[in-house]
Amino acid sequence: MEVSPRQVSLRVLYTINSSPQYILARSSVQVPAILCNGTTSRSSTNEPRYARASLKACLEVVCNSSPELLHDPERDFSLYALDPLEAQPVPSYATPHSKGTTPSRGVAVALGLMSWALASGDSESIYVTGTILANPAPGSSSLEVVFALREVCLFLMH
Numbered sequence: 000m001e002v003s004p005r006q007v008s009l010r011v012l013y014t015i016n017s018s019p020q021y022i023l024a025r026s027s028v029q030v031p032a033i034l035c036n037g038t039t040s041r042s043s044t045n046e047p048r049y050a051r052a053s054l055k056a057c058l059e060v061v062c063n064s065s066p067e068l069l070h071d072p073e074r075d076f077s078l079y080a081l082d083p084l085e086a087q088p089v090p091s092y093a094t095p096h097s098k099g100t101t102p103s104r105g106v107a108v109a110l111g112l113m114s115w116a117l118a119s120g121d122s123e124s125i126y127v128t129g130t131i132l133a134n135p136a137p138g139s140s141s142l143e144v145v146f147a148l149r150e151v152c153l154f155l156m157h
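Note that numbering that gives the first Met the number 0 has the sequence shown beginning at 0, numbered continuously upward.
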């Protein structure tokens with residue numbers, strides 16, 4: 000059951016290549032986000048809430064904040080979005096986690112090349128899932144989405 004979209008600010012955290020440092024890109028305007036099943040606007044404040052926003056809206060926030068990502072026509076980025084609702088399967092041969100540690104929440108979902116997503120008219124219909132964060136202003140919230148960008152050299156792909 001789809002719910003009507005609500006307007007949220009975007010917070011896009013992303014890494015480039017294998018850097019452990021996250022970069023934060025913030026939207027200057029609010030974008031529509033659809034609450035995920037099981038998430039309501041009245042969910043407990045202790046439970047995480049999730050919503051989906053268009054991939055293109057998220058990428059526009061990243062590219063507006065870091066325009067250097069688009070300047071070199073010889074490179075592109077493979078795009079991965081962390082989906083916090085995907086369960087991370089544990090292979091049968093894997094050892095259990097040691098006491099006191101918890102597995103990470105979510106799985107990275109491969110989304111192709113960033114240039115393909117930006118150029119495609121279909122990327123408005125592709126959604127990524129993030130976590131809703133409460134803002135200090137009453138009634139406002141942000142959707143935090145996490146990406147990993149992996150640089151690829153285009154001349155190697157021909």
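I should point out that these hints are in silico values taken from the structure, not numbers from a laboratory.
Glycine residues also receive a C-beta, built at the ideal position from the N, C-alpha and C atoms.
Hints may be right or wrong, so weigh each one.
Claimed, not checked - With beta-carbon atoms standing in for the labels, derived distance ranges:
{"no.": "1", "residue 1": "V108", "residue 2": "N16", "range": "17 to 23 Å"}
{"no.": "2", "residue 1": "C152", "residue 2": "I22", "range": "18 to 24 Å"}
{"no.": "3", "residue 1": "Q20", "residue 2": "E85", "range": "40 to 46 Å"}
Structure-based check of each hint:
Judged by the Cβ atoms, the range 17 to 23 Å given for V108 and N16 holds: they are separated by roughly 18 Å. Between C152 and I22 the beta carbon distance is about 21 Å. The supplied range of 18 to 24 Å therefore holds. A hinted range of 40 to 46 Å is violated for the C-beta pair Q20 and E85, which are about 24 Å apart.
Taken one by one, the earlier hints fail for this structure only at number 3.
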